[in-house]
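Asker: Combine both chains into one complex, guided by the hints.
Chains as they are written, first to last, in the numbering used here: chain B, 394 to 501; chain F, -18 to 84.
Rather than coming from a laboratory, the hints here were simulated on the basis of the structure. For glycine and all other residues, C-beta sits at the position ideal for the given N, C-alpha and C. Don't take every hint at face value.
[Stated by the list, open to error] So, partial list: chain B residues that the calculated Cβ filter (under 10 Å) puts toward chain F:
1. T416
2. S444
3. G453
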Amino acid sequence: MSGASQLARAFSAGDSVRVRDETPSHHHRTPHYIKARRGRVVDFIGAYLNSETRAHSGDGLPMVPMYRVEFDMADLWDEYATSSADKLWIDLYEHWIEHDTRSGGTGR
Amino acid sequence: MTAPHDRGGWPVDEPIDRDEHEWADWERMTQSLVGVLGAKGIMNVDQMRRGIESMGQAEYESATYFERWSATIETRLVEDSVLTTEEIDKRTQELRDRWGYTE
Chain B
394 MSGASQLARA
404 FSAGDSVRVR
414 DETPSHHHRT
424 PHYIKARRGR
434 VVDFIGAYLN
444 SETRAHSGDG
454 LPMVPMYRVE
464 FDMADLWDEY
474 ATSSADKLWI
484 DLYEHWIEHD
494 TRSGGTGR
Chain F
-18 MTAPHDRGGW
-8 PVDEPIDRDE
2 HEWADWERMT
12 QSLVGVLGAK
22 GIMNVDQMRR
32 GIESMGQAEY
42 ESATYFERWS
52 ATIETRLVED
62 SVLTTEEIDK
72 RTQELRDRWG
82 YTE
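The following block holds chain F by itself, in its conformation from the complex (with noise of 0.2 Å):
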């Protein structure tokens, strides 16, 4: 089956949306960490594709461009011991906590 990403010539429902955005503040931190991860020879932009790729499908459709960014730095800062998933769930629950974030 082809994967996810591999989306040549898939048909769509609806024309692609080709509008620009305002970055998020987090938008900006991803690009600068894949940044920073690369320069330090912890992900290289192949790492970095593999990780987008190995998603899941419904996961991969749902996520969105930096959302995606974010999970392929997951799976390497984990798959490295640069971080824990424990590590990076408690920290991500106290954050939420902190700023009342409850979705």
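Just chain B, with the same shape it has in the complex (with noise of 0.2 Å):
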């Protein structure tokens, strides 16, 4: 989206990142199996209006930075027996996650 070059990015592609456990009171689109968990950041996708805002008639100004994080499914789930290998894909504005300090990478 036009705007999205010069503004400034938190986090690259293969950032290990958590996702912050709150649960506000306002309109919020993270799911709540995901918060606290550790995941990477895929890719960079682009400046869009804040929803959290526009829900309650703001105007979503200014576009938050949006990335596609990765996690495993195994780490989502009690006992998911699929395959270990399954992923999830799930697009997170930039204020949601935090860069991940422990080592590891990925998990609760």
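Answerer: Pasting the structure below:
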């Protein structure tokens, strides 16, 4: 989207990240089952209007960087038995993720 | 507590019903109304979702897909002072009376 190139980005492809473990009362699209979980940034996918403020009749500005983040399915679901190689890709606003300072990268 | 719409991973008693159904007329009208409200800048998709998410668990669980859409339309129209709850209720009662709908 326009304006994405000059926007400062906090994350790059390959970064290990942890999803914030928060449940604000306002509208948000980050599902509960990835909160506090660790994953990897697949890519920066653009800057988008902030749906969390637009939902409450704000203008959605400033635009927020969005990242595609990969999780190991086995890390998200107990007794996940389909394939240890299965991944979940989910698009997250920048303010929902933080750099994972723990070594190892994935998991809880 | 996890809100009722945020249901990924919730256990269910029976398999999810994936069957398609014939749309009722009111469901088509509801779909059309969402399009109109979007085009007129009265309800965007985020406002629509927020209205559904604020229904409350019992009402959310008992409502069908398009009943949730209908509920968020009402929330948004009242919030934006397009209609009042009283106007909506009065009109609904008129239609119930006209069609002999007593449920």
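Asker: Next step is simple, just say for each hint if it's right about the structure.
Answerer: Right, here's what the structure says about each hint:
{"no.": "1", "hint": "T416", "result": "holds, 8 Å"}
{"no.": "2", "hint": "S444", "result": "holds, 4 Å"}
{"no.": "3", "hint": "G453", "result": "holds, 8 Å"}
The structure agrees with every numbered hint stated previously.
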